[in-house]
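Protein chains in written order, with the UniProt record's numbering: chain A, 1 to 323; chain B, 1 to 255.
It is worth saying that the hints were derived from the structure and are not from the lab. Computed from a predicted model, the values in this text were never measured in an experiment. Hints are supplied without guarantee of correctness; some may be wrong.
[As the list claims (entries may be wrong)] To spell it out: a stretch of chain B is covered by chain A in this simulated footprint if at least three of its residues, at any positions, have a beta carbon under 8 Å from a beta carbon of chain A; those stretches are: (1) 147-157; (2) 187-194.
[What the hints assert, rightly or not] List of simulated lysine to aspartate or glutamate pairs, EDC-like, C-alpha gap at most 20 Å: (3) K16(A) with D67(A); (4) K183(A) with D270(A); (5) K254(B) with D57(A); (6) K223(A) with D270(A); (7) K82(B) with E122(A); (8) K15(B) with D262(A); (9) K55(A) with E90(A); (10) K183(A) with E122(A); (11) K223(A) with D199(A); (12) K134(A) with E21(B).
Quick reminder that beta carbons are idealized off the backbone N, C-alpha and C, glycines included.
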Amino acid sequence: MTAAIEARGLVKRFGKTKALDGIDLTVEEGRVLGVLGPNGAGKTTAVRILATLLKPDGGTATVSGLDVVHQATAVRRKIGLTGQFASVDEDLTGMQNLVMVGQLLDLTTRQAKIRASELLAEFDLTDAAGRLAKTYSGGMRRRLDLSASLIGRPAVVFLDEPTTGLDPAKRDDVWDMIRALVKQGTTILLTTQYLEEADALANEITVIDHGSIIAHDTPQGLKRQVGGQTLEVRPTDVASLPRVRELMIRFGTREPEQPAPDLLSVPVTDESALTQVVAALSAENISVSELSLRLPSLDEVFYSLTGQNRTAADATTTKGAAA
Amino acid sequence: MLRDSLILARRSVVKMTRNPEQFIDVTLQPIILTVVFVFIFGGAIAGSTGAYVEFALPGIIVQTIMFTSLTIGVNLNTDIQKGIFDRFRSLPIARSAPLFGAVLGDIVRHSIAITVTLVFGAIIGFQFQTPWWHVAIAILLIITFAVSLCWVSVLIGMLARSAGAVQGLSFLIVFPLTFGSSTFVPASTLPTWLQGWVAINPVTHVIESMRGLLTGSTSVAGDTTTGQILWVIASCVVLVGVFFPPATWAYRRKI
């Protein structure tokens with residue numbers, strides 16, 4: 001297999017801040033790489049360099065075998081970019097936005113209109129095609145932006161936090177679209193702040209912080225590294241909390257935490273933990289109002305990987321580092 | 001690159017028709033200015049509205065175009081803030097295409113503003129006293145001046161943080177240029193110190209050229225229309241020479 005995206009030692013400085021401090025990324029053709037990190041980690045900077053919007057201060061990168069600095073125009077024919085903020089023209093209709101991008105990609109007006117209609121249908125925007133983009137909801141705008149990135153049938157697509165700010169239903173829509181792209185053989189680099197999202201979509205995950213890579217693994221491997229999943233139990237009756245705690249100690253990897261007055265949580269590594277806990281709860285006749293198994297949050301991932309609390313470590317460094 | 005610029009020029013024209021504020025700038029605003037100045041001040045300044053429309057209309061055209069040519073910075077700044085430039089930058093088009101597209105779009109806006117003002121002027125009694133090709137030269141001259149001046153606005157638009165700041169700074173530049181000229185009153189009626197500024201203000205020469213080309217007269221004694229036109233061409237060269245390089249430099253840095 002050949003690498004659709006290959007970056008070696010990317011460095012980018014903004015004034016005195018090092019936004020990227022020597023990053024290596026490789027994405028094989030047709031694969032999805034999730035780049036996971038908090039705000040200011042350097043995710044967007046990396047995407048902007050790979051999408052030719054920024055020049056790196058050091059290192060090299062190729063997309064589809066083309067150098068992003070020296071063959072930028074050729075790279076732009078191969079890529080689609082959807083940023084954190086939907087880059088559509090609010091004073092144009094959905095249709096006009098897509099036709100304009102199509103024309104700029106050297107389609108004839110007729111071809112551009114056909115392609116735009118296809119994408120509008122695919123992204124469920126046909127009814128809104130004639131409306132100004134400023135009347136669109138956040139989710140619609142994101143979909144329009146994504147369609148604009150796909151007009152030229154790019155081989156490589158960059159998605160910079162594609163679901164940030166979307167409600168869960170809209171987020172699922174975007175996930176489905178990303179999966180459809182993968183089916184067509186598109187290579188995708190996706191940045192996100194959610195392990196859950198990277199886990200759902202990516203073949204491999206790179207975790208970055210302060211411009212450096214702190215972990216790279218498959219979703220399975222990464223989850224193993226950060227201590228699997230978190231089990232949360234909220235008993236109906238607060239009085240049964242001590243019994244629940246005892247029970248959770250048996251299945252968890254450490255002492256349960258109490259994130260809310262009536263809620264207990266503990267990391268578990270055994271996949272069958274949930275069923276065992278349910279069985280134990282029922283045997284003891286404890287009723288619960290909430291019971292869940294979830295992936296660790298970004299904070300928990302960082303805690304496991306670096307052994308320090310991100311929020312504390314962050315206070316001094318986040319400022320100034322461009323997201 | 002030309003095709004890309006034309007596509008983007010079309011975008012800026014479509015946007016203008018969608019944006020009532022900018023559309024009014026080039027349609028209703030010159031009409032209102034003409035009505036206000038000709039019918040309200042005309043009698044007091046020139047003795048009759050008929051005489052004043054001949055004097056003021058070329059000035060009103062120039063003033064409208066001045067204001068219009070400075071919106072390019074506001075528009076470019078907004079495009080960058082809103083992220084649409086990121087879209088352009090990820091496409092295989094010339095980096096300069098969005099800039100030249102905006103300039104071409106502005107030429108369309110200028111043409112609309114000039115046509116509206118001339119037609120409305122003719123309706124309320126403005127009489128063309130020169131051959132048609134003088135009028136054509138007048139239109140060409142004012143558009144050339146506008147395109148030379150727009151680089152000031154492009155530079156401000158690239159350097160200022162917000163579109164509002166661009167607007168504010170642009171007005172600071174436009175006001176002394178338009179009102180400190182012979183737009184509404186003959187220069188000879190002004191105090192001597194102001195006459196000094198009016199004489200070197202390039203806008204005065206643009207207006208006098210327009211007057212000469214549209215009505216065959218100038219209000220500054222001793223200068224021929226040809227002389228005025230040469231002045232204008234010289235100021236265009238200076239404006240482009242001084243502002244085009246830093247404006248395009250600042251633009252390249254952003255895009």
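Hint consistency between K82(B) and E122(A) [alpha-carbon to alpha-carbon, up to 20 Å] = Not satisfied, since the Cα-Cα distance of roughly 25 Å exceeds 20 Å.
Verify the proposed pairing of K254(B) with D57(A), using a straight-line Cα cut of 20 Å.
-> holds (17 Å)
Verdict on chain A covering the region 147-157 of chain B, criterion of 3 CB contacts below 8 Å | Violated, because only 0 residues of the region 147-157 of chain B bring their Cβ atoms closer than 8 Å to Cβ atoms of chain A.
Below or equal to 20 Å on CA atoms is what counts here, so check K134(A) against E21(B).
-> holds (16 Å)
20 Å Cα cutoff - pair K16(A), D67(A) | violated (27 Å)
Does the structure keep K183(A) and E122(A) at a Cα separation of 20 Å or less?
-> holds (15 Å)
Take the region 187-194 of chain B, compare each residue's beta carbon with every beta carbon of chain A, and decide whether three or more fall closer than 8 Å.
-> This one is violated; 0 residues, fewer than the three required, reach chain A with a Cβ under 8 Å.
K15(B) paired with D262(A) [C-alpha distance capped at 20 Å] = Violated - the C-alpha atoms of D262(A) and K15(B) are around 55 Å apart, more than 20 Å.
Proposed proximity, E90(A) with K55(A) (alpha carbon, max 20 Å) | Violated: K55(A) and E90(A) sit about 28 Å apart, past 20 Å.
Straight-line alpha-carbon gap K223(A) to D199(A), limit 20 Å = Holds - the C-alpha atoms of D199(A) and K223(A) are around 9 Å apart, at most 20 Å.
Regarding the pair K183(A) and D270(A), is the alpha-carbon distance no greater than 20 Å?
-> violated (32 Å)
K223(A) paired with D270(A) [C-alpha distance capped at 20 Å] | holds (12 Å)
Taken one by one, the earlier hints fail for this structure at numbers 1, 2, 3, 4, 7, 8 and 9, listed in ascending order.
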